[in-house]
Amino acid sequence: MEGLFFNVNNGYIEGIVRGYRNGLLTGANYTNMTQCETIDDLKLQLGPAYGDFLASLPPNPSTSSLAAKTTDKLVSEFRYVRANAVGSLAKFMDYLTYGYMIDNVALLITGTLHERDTRELLDRCHPLGWFETMPVLCVATNIEELYNSVLIETPLAPYFKGSLSHQDLDELNIEIVRNTLYKNYLEDFYQFVNTNPEMSGTPTAEVMSEILEFEADRRAINITLNSFGTELSKADRKKLYPNFGLLYPEGTLMLSRADDFEGVRLAVEGVSDYKSFFEAAGLGGGPGGPGNMAGGAGSDGRSLEDMFYQKEMEISKGAFTRQFTFAIIYAWVKLREQEIRNITWIAECIAQNQKERIGNYISVF
Amino acid sequence: MSGAADREAVFPTRQSLGLMKAKLKGAETGHSLLKRKSEALTKRFRDITRRIDEAKRKMGRVMQIASLSLAEVTYAVGGNIGYQIQESAKSARFRIRAKQENVSGVLLPAFESYLTEGNNDFAMTGLGKGGQQVQRCRETYARAVEALVELASLQTAFVILDEVIKVVNRRVNAIEHVIIPRTENTIKYINSELDELDREEFYRLKKVANKKQRDNAALDAEMKVKREAAAARDQENQAPAEATEESGDILAAEEDEDVIF
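Those sequence lines, one after another, are chains H and S.
According to the UniProt record's numbering, the first sequence is numbered sequentially starting from 1.
According to the UniProt record's numbering, the second sequence is numbered sequentially starting from 1.
Just chain S, with the same shape it has in the complex:
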């Protein structure tokens, strides 16, 4: 039997049987808990996958609009304003905050974007011509970055969840396919060993009892022979030694009675 190999190295004692039983119970509880965790995470994972899909499509659309609006700026301003924009930008207008979200014990980072009010570093760019396009382009790109931030937080969550789900599933499988069978095997082994010991003990006792019985029978037979011999002698000796003989007889009979327990 394969179970013989796959068990823990314990001495088959009643104490370790108790330990193993407790362990099995623990493993089963752990298994059901982990299974539930894995299910919750998988649900979340699917949700995130769906949202990533949506976010990616949205990003595609938004980026397309944004780059077109950049083309519009180039068209309206009629030149390259990149340098000017780079130089006039002093502080970030679009910022993100990192939060943590707890999904069944897994910390997922979530990025939240916000605009700093009143920060308009290049409001005057394209004052002479194309200013409206520049502003519009900025708004579109702000939206594009927003989509990117959303996608980024989803992607991070995706990667982390993927890792965690793998670990949890590995644990679930390990408990289900290794720890529980092994513990069960160990319990079976201990039980069988204990049964074996019981049977051995019983057999031994039976043997002892048999021997005792045999001994008794032999003793009884001997006694009988003795008694018969004594009776024969009594009849020969008659009355003179009758009282003394009787007391001796009683002592001998009493000696034989302590066999059974």
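The shape of chain H in the complex, shown without the other chains:
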């Protein structure tokens, strides 16, 4: 049934996005890229996919400018799709940008806390997380004003409300603020895809639930692993775990009690995917905790992070096997982000002449 009227409003968008998906770099492209000797060669290889955007770069551009230009392409395509979206698809795409918005707001909060000129920070904000009233936030000079303007001006207000007060912004570490917001965001997004009448019960809800559950689990695991050795207490940590996901509730409870890498491994035992990740990471000398691994020594055996990215890409790739779903837009954005990361990584390896690790990119096509 859901397919019956889907194309009336969203067929064009789906077609466009599927077209974009075909424009993603394939394994063969990546192999060609890894053979490059200079950034210019790389630029040439990227020509078919990114030609227009890379044209303005000077010869031998820096990797950061390369990353910026490739991001520009994603942003312009995203904006085009967003401009053509209507109804709940538009809402869905707005939800997609909230994640970036959280990062931007966190950046502005950091700037305001340290009494910097936040106007300079606007350039550093992620363009996908841009919202029209963002410059208004820069007017705020103290954290209370900022808090109020965030509540009024941004779509993030519900995430602040109820879990964070303006004193919290002052006292808590910005990372905790960010992760609290992100937790609320994920929960809200999950709620949205599963309750919206246009989406619940459709493939969108199915695929998005899978993606968001994975995202929630990944965050929970990462937060746990990264909090070892910091002043983040277990009770506070527990508050940052999203209230859904494959691990929820037993796994999250166990995660909140975990003291070390081993504890986390036990907590995720119940989910076979994560279990295999941990086994692979555990064998490879494992990121048992921050600083356990000597820098640069982790060339063999991929890190947990890499495997999570790989998994995310596979889920995203899988999303394209479904039709009549909004999830392909989410999947496309994620795939493009990974592609940008891959390009940056390869460019970085070429620029630094560190070819032995150049194959660390993740390619699913």
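Misleading hints may appear alongside valid ones.
Only pairs whose alpha carbons sit at most 27 Å apart, straight line, appear in this in silico DSSO-like list of lysine-lysine [as the list claims (entries may be wrong)]:
1) H:73 - H:334
2) H:234 - S:224
3) S:224 - S:211
4) H:355 - S:56
5) S:58 - H:355
6) S:35 - S:25
7) S:224 - S:21
8) S:99 - S:43
9) S:35 - S:166
FYI, nobody ran anything at the bench for these hints, they're computed from the structure.
Knowing the structure of chain H, use the given hints to seat chain S on it.
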């Protein structure tokens, strides 16, 4: 002779000869001491050069690893966290202490690095994702900075030692090629002047002696003539004035005897 020009302006006296000899001795002692100092410094210098070479190579490697780990962070976090890191860093975790090391009288600064414990300003950065990479990157960069600090102290020592070695070598050369030859020349000059004076004096004395001898001979001859004349007169006068004449004779003879000394 060139030595004539290159000597100190002193009067060739015995006193200045003594002074010069003392000076020469001092210069020689100073020369050997400075030579030893220069050798010690050069040894140290070579050692430092070797260590700088090692440190530079190490720095190259470490910096490469460090920048790669930064790339890893960018990859894992998927964005720019530079600003966040800058803002959350409150106090220095990696500090250095300056010490002084004494190498044969030269003070070389040495920097010693240490980590302040429990200072983890951005431990929570990348909590959601990439935290491990951030921490690892920090460790690698701490190591890179350590290598830089080591290199910095070596480089400073290198520059200072270079300067000092130049000065010391200049001094050694100056003593060896200027001061010692000049002092030796001066001593030679004083000696030759003194010898000259001696010879002059001797010649003069000889001349005086000769003259005295000549005078004596003339006097003697005169006396002889006188005496002969007196004897002839005696024989003419015979006995009457014999006693008085004899005493007068004795006085005259005594007058002639005080020439030689």
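For this session: Would you mind confirming whether the straight-line C-alpha gap from residue 224 (chain S) to residue 21 (chain S) stays at or under 27 Å?
Result: violated (57 Å)
Exercise. Between residue 99 (chain S) and residue 43 (chain S), does the CA-CA distance stay at or below 27 Å?
Worked result: holds (21 Å)
Exercise. Is the hinted pair residue 35 (chain S) and residue 25 (chain S) satisfied, with a Cα-Cα distance of at most 27 Å?
Worked result: Roughly 15 Å between the alpha carbons, so the hint for residue 35 (chain S) and residue 25 (chain S) holds.
Exercise. Are residue 224 (chain S) and residue 211 (chain S) close enough, with their CA atoms no more than 27 Å apart?
Worked result: Judged against 27 Å, a Cα distance of about 20 Å means the pair holds.
Exercise. Is it true that the CA of residue 58 (chain S) sits at most 27 Å from the CA of residue 355 (chain H)?
Worked result: Given that 27 Å is the threshold and the Cα spacing comes to 19 Å, the pair holds.
Problem set entry | Straight-line alpha-carbon gap residue 234 (chain H) to residue 224 (chain S), limit 27 Å | Roughly 144 Å separates the two Cα atoms, so the pair is violated.
Exercise. Under the criterion that the straight-line Cα-Cα distance not exceed 27 Å, is the pair residue 73 (chain H), residue 334 (chain H) satisfied?
Worked result: At roughly 14 Å apart (the allowed maximum being 27 Å), residue 334 (chain H) and residue 73 (chain H) satisfy the hint.
Exercise. Taking 27 Å as the top limit, are the C-alpha atoms of residue 355 (chain H) and residue 56 (chain S) close enough?
Worked result: The given pair, whose Cα atoms are some 22 Å apart, holds under the 27 Å limit.
For this session: Would you check the hint for residue 35 (chain S) and residue 166 (chain S), treating anything up to 27 Å between C-alpha atoms as holding?
Result: Holds: residue 35 (chain S) and residue 166 (chain S) sit about 12 Å apart, inside 27 Å.
In this structure, the earlier hints numbered 2 and 7 are contradicted, and the remaining ones agree with it.
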